[in-house]
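> Assemble the whole structure, with the sequences as input and the hints as a guide.
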Amino acid sequence: MIASAMAVLAIPAVARQPGLATAAPMIDPRLADRALAALFRHHRHIWSRDVVAIADFGLPSAIPRFFLVDIVRGTTTALLVAHGKGSDPDHSGMLQGFSDAVGSAATSEGAYLTGDPYDGIHGPSRRLIGLDPGNAHAEERAIVIHSAWYANPDMVAKQGKLGRSDGCFAFGEQDIATVLARLGKGRMLYAGRADG
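Count along the sequence shown starting at 1, add 1046, and that's the number in my numbering.
Derived from the structure by calculation, the hints contain no laboratory data. Do not take every clue at face value.
Here are the simulated lysine-lysine pairs, BS3-like style, with alpha carbons at most 30 Å apart [said to hold, decoys possible]: (1) Lys1204 to Lys1131; (2) Lys1131 to Lys1207; (3) Lys1231 to Lys1131.
Ranges between beta-carbon positions, derived for each pair [claimed, not checked]: (4) Thr1224 to Ala1188: 21 to 29 Å; (5) Ile1167 to Gly1120: 32 to 40 Å; (6) Gly1206 to His1091: 18 to 26 Å.
Cβ coordinates follow ideal geometry from the N, Cα and C atoms, glycine included.
As structure tokens, then:
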């Protein structure tokens, strides 16, 4: 009981050093607030709270919308990330909606716990565990972090948007090492949009 109470108290202390809002001023405050609430809600699962990732799927895929927030240092790195084809059937470059349905090839919303790294068909990758009702099937759907050629910046130059994944968080081949190193096991990735 004491350890659990200490864990709850540690979250605001970490969040104030210098804080999520200070570290990530480019993230819509409504989405940042939801991410922070998820960090509180899932504190028993998220044992590394120094870095938090927030994916703002209210932004188009042509601009960096995946934010690696170093809460302790007060810095943020913004990267391109692809969304699922089931969330953008017309390939407009904008996510139209979330789904956690098996076979949907859609992006799911909510908090994820970062799991083990592994080498898969896309090279170095990291497993994700869904913590919310909106992403509870993440493991069954094999929703992971991986690299993909269609998430490279040259895709934006060629077609004005990134390609689409099958629901995974797909990054450019030059960014995956940074994402995997900074977003190690036991951290939170929060996916959502400010308007929903």
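> Mind listing which of the numbered hints don't hold for this structure, in increasing order?
6
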